[in-house]
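K.L.:
Protein sequences appear in the order of chains A and B.
Residue 379 in the working numbering sits at position 379 of the first sequence, with consecutive numbering throughout.
Residue 1005 in the working numbering sits at position 5 of the second sequence, with consecutive numbering throughout.
No wet-lab data here; the hints were simulated from the structure.
Remember, predicted model here, so these are calculated numbers, not experimental data.
All C-beta atoms, glycine included, are put in the ideal place defined by N, C-alpha and C.
What you were told as hints is all true, and nothing was included just to trick you.
Cut-off 25 Å, straight-line C-alpha distance, at most; resulting in silico cross-link-like pairs (BS3-like, lysine-lysine):
#1 K1027/B with K1491/B
#2 K126/A with K298/A
#3 K1157/B with K317/A
#4 K114/A with K251/A
#5 K74/A with K1280/B
#6 K298/A with K265/A
#7 K157/A with K169/A
#8 K339/A with K1157/B
#9 K126/A with K265/A
#10 K188/A with K251/A
#11 K227/A with K265/A
#12 K1280/B with K76/A
Cβ-to-Cβ under 7 Å is the rule here; a few derived chain B residues that face chain A:
#13 D1064
#14 N1066
#15 F1282
#16 T1308
#17 V1313
#18 F1335
#19 G1344
#20 T1347
#21 F1367
#22 P1376
#23 A1377
#24 F1379
#25 F1444
#26 G1449
#27 P1451
#28 D1456
Output of the computed footprint for chain B on chain A, the stretches with three or more beta carbons under 8 Å from beta carbons of chain B:
#29 98-106
#30 337-343
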Amino acid sequence: MKLPFERKTHAISAFLLMLVSGSALADYKLNFQEPVNQLGQEIFDLHMLVFWICVGIALVVFSVMFYSMIAHRKSKGAVAADFHENTTVEVIWTIIPFIILISVAIPATSTLIKIEDTGDADITIKVTGLQWKWKYEYDADGTPVSFISSLHPDHNKARAVDSGIDVTKIENYLLEVDNMMVVPVNKKIRLLVTSDDVIHSWWVPQFATKKDAIPGYVNETWTSVDKPGIYRGQCTELCGKDHAFMPIVVKAVEENEYNAWLAAKKTEAVAAAAEAAADKVWSKDELVARGQEIYMGKGGCFGCHGANGEGVATFPKLAGSAITIGPDAAHIDVVVNGKPGTAMAAYGNQLNDLELAAVITYERNAWGNAASVVQPADIKAAR
Amino acid sequence: MTATTHEEHHDEIPTGIKRWLFTTNHKDIGTMYLWFSFIMLLIGGLFALVIRAELFQPGMQVVDPNFFNMMTTLHGLVMVFGAIMPAFVGLANWQIPLMVGAPDMALPRMNNWSFWILPFAGFMLLAPMFVGGNFASGQGPAFGWTFYEPLSGQYDKLVFFVFAVHLLGFSSIMGSINIIATILNMRAPGMTLMKMPMFVWTWLITAFLLIAVMPVLAGVVTMMLTDKYFGTSFFDAAGGGDPVLFQHVFWFFGHPEVYIMILPAFGVVSEIIPTFARKKLFGYASMVYATASIAFLSFIVWAHHMFTVGMPVAGELYFMYATVLIAVPTGVKVFNWISTMYRGSMTYEIPMLWALCFVILFTIGGFSGLMLGVAPADFQYHDTYFVVAHFHYVLVSGSLFGLFAGVYYWLPKWTGNMYSNGLAQLHFWLSTIAMNLTFFPMHFTGLAGMPRRYADYPLQFTEFNVMSSVGAFMFGFSQLIFLWLVIKTIKGGEKATDRVWEGSHGLEWTIPSPAPYHSFTTAPEVK
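Please model the complete structure; the sequences and the hints are all you need to start from.
P.N.:
Written out as structure tokens, the structure reads:
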């Protein structure tokens, strides 16, 4: 195993430097990432307001405390006074904090109401949390366009224990995906956030937008982006093994670029749907090749079952398992409908018939398995 | 039978294993609670060190992500239910009878039972970790200490967890009934409620909180159990259930729970500061009312843990207002402690060092709590390391430091020996420095955007994670000094006087040191 020594030395020296000089702290990220919309700025200002109020109170309270600790030491001959209550003082220090709290509550209330106002949106995007990736669904003039966004394969490889890859050499480590979400700038974007399995939470710090994705609920929130760029976030609700490995990457572009992107996605979606629905019998090699791509890519199957089909930690192995080498009906059932009460998701919602047929065929014919080939028509019949 | 023959009859101290298995003596049971919780502290600490070892560098080096989640989960559960809560019950067992002038707890046999349930509960909780033959493929719970549905429903050894929580609940409820019965019925003649020591007051209120919320916890885990094994769907959206209901019920337990872990620490500190300031506690009555207000408010603020689940805006506003309101009675307590020190005659013995450290660091935790209570900002803080920093400031430098303060305060009374001042100073300073080194940087990692419960992280968070890991190992090993110190003190040392501390006050200081096996067989008179 190769440890990232340079990074470590750098970190330790930075740490030592910090001990001798507070200015070294300036190199570190100490506060919120820079907001890229007005609401984000408002939240940032509110955060700083409360922070400075706390600092002010701390200065007053701790000054009195340290004064007493130093001035009223027994070793300096201090003799204890005899007072132990004072109604006036006690009333004052109950009322003053109360007034301070009201002064915080007023701006907080106005900001909160703005956060929750999802009306008058220009576009709506549905965000679905899945173990452990995100699905984005757009409406392209009546045609649904949806795609899965997972951690970039290179990062996924690097983050394995004993991968032998120095992660510190990877740009934006853990913050890169295979398919970015794309949004237009200067538009009010309504997000419908939900989940197909456990609770996730969609967060992009610079948007100041965080909403839980909960199965059975469709939560609403909104955001907007003032300038084009790539913005990165992560899942913020513990969702199982790969909670740390389902980033969110959003590319904000000018409106015409966004429209072009959506049109291209639409063409892609129409073609993929046609291909999956076509009454074609695919060869085993074709299916296995596509299936491997899905197993290692958008399906994310390797996350639990391992690239070698041996299973990760307590998750089931697929090489030589009763389901993968048994009758295809049972195999199709578990992949399409999932296994309730476990992390095995219902992939019927995530992949089309061709993709399902491909990944099932791959699993039945990889790692020494040699079982039947499954065609898209079989999936269609089983749905 | 006269009182004298009764006393002689019980004067023999049983020996061997039977003394501990069958004991009904509050001092023995208190001792067992304290040792149990210290062992759990070390186990939970070990889990924390696995977490910090993995997070020392970006990339996965030590454990796989599932094992990492198991460590965060068990660290939380073991520390909350195994270390902090039983430790305070241990303090209560030792001190409440001594402080109210009672010969023992009101229900001594139940007291034995409420302790002896605990090791079995701990075993149930940890056992699945060893399923599968080797440690790496252990199948302990990995869904976070808050065990949110539906994730926890995916855990196939759920039954162990549910059973463990039920046992812990039985233990806590019985312990609380005992504490309430003792305080309400067995106070020395003349000790009215408003003359009780502050520690006794805070425990009385805590015990009511426990009785109110432990059944709620039992209810929620039972619903999980029937969802998992009997086909109900309380929390399963596919069956018409509601995953958010789980969070409401859990936090209805969970929020009072955090006060259960801090109120007795308030009590300890309220005993110690007057002793070493040589001045009566300022605002005794307001202290009692503030504690009661905090306890009441703790029942009506639960959903501030859930601002991001998508509540109606009116609900979010209500929970924000109610939450920040807690700052008022908490502020009153801090102001009272400081006014007690003001124009006192201060000395800085070991218990006082811990108590002062408590006041400062707990207040810092209170400030971050206030920030978290402001809902719009909470959307940014929620589930990041900022939250982790916040609750470790209130639970480590709050509850745990409060416990250390209490142990250093009463240990000479329990053992009859003074402890080594040098070792105690070393333990205090190392713990304080390490605690801040571990948790202070987490404020920054959180604000900069690192989510909690992450087995691996983007590179910009590296520096602060290195600091936290260095601090955590320092903190962990410092606790071995404490272990050594306690064992040394039990074995011998300079003899403690009855009063122990120059400024001490209260009934526990009127009996000899060490406290005899049976104390206050004749009730003392309180003026």
